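*Asks:* Residue numbers (our numbering), protein chains in the order written: chain P, 6 to 117; chain V, 6 to 114.
These are computed hints drawn from the structure, not numbers from a lab. Note that the coordinates shown come from a computational prediction; the quantities given were computed from them, not determined experimentally. Every residue, glycine too, gets a C-beta built ideally from N, C-alpha and C. Please note that the accuracy of each hint is not assured.
What the hints assert, rightly or not - Pair by pair, the computed Cβ-Cβ distance ranges are:
1. P:P13 / V:Q49: 14 to 24 angstroms
2. P:M20 / V:N57: 41 to 51 angstroms
3. P:I43 / V:G99: 16 to 26 angstroms
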Amino acid sequence: EPEVTQTPSHQVTQMGQEVILRCVPISNHLYFYWYRQILGQKVEFLVSFYNNEISEKSEIFDDQFSVERPDGSNFTLKIRSTKLEDSAMYFCASNSDTGELFFGEGSRLTVL
Amino acid sequence: GEDVEQSLFLSVREGDSSVINCTYTDSSSTYLYWYKQEPGAGLQLLTYIFSNMDMKQDQRLTVLLNKKDKHLSLRIADTQTGDSAIYFCAEDYGQNFVFGPGTRLSVLP
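Chain P on its own, in the form it takes in the complex:
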């Protein structure tokens, strides 16, 4: 069964450092997303990406965040200068036109 894969599964970083979270969406999907879930809180939308550009982003997705699809398979989320409050589980997701959203297992980011 096709799946969305994410790396790393857990990253610990110092405040102010740059972090890149990587995702490999399902190969024939066209829409890609990043969500985050702060421990014990709800899943929050960050950004959606289609046709090599951001199609929608939330107010959480400020200038510290960026996304990129550097090649035909990877979809990355970069946090330029991490803050303590960026500690969360980050989920990548993808879908085609049918609507079913497939999620990765998540990357846990801990900012110290």
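Given chain P, work out where chain V should sit, using these hints.
*Replies:* Frame of chain P, contents of chain V only:
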């Protein structure tokens, strides 16, 4: 903005039925979804319902949709200990998906 609400906790005995409820605000959603999250794991799509349907059954899962009241429910028949998880209701909103806060289901032996 769009909002999805759920009760946060539910406890049931093994073998009983569980009913997890959700209310949403966006009446233009095409699909409504239930996702399951086990501890430390990602979000797993359990089932979804097209917005012009009232009910969908999939083995032990029954989804009921009351579009007038904007109410969605997930019934799990014969609940097992392996069903213990957090269940998220979600609706599509444009290209975005809006999630509820999740209902933590605890299954007691």
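*Asks:* Next, verify each hint and record whether it holds.
*Replies:* Do the hints match the structure? See the list:
Between P:P13 and V:Q49, the C-beta spacing of about 20 angstroms keeps the proposed range 14 to 24 angstroms intact. In this structure the supplied range 41 to 51 angstroms holds for P:M20 paired with V:N57, their Cβ-Cβ distance being about 49 angstroms. Checking the proposed 16 to 26 angstroms range against P:I43 and V:G99 shows it holds: the Cβ atoms sit about 23 angstroms from each other.
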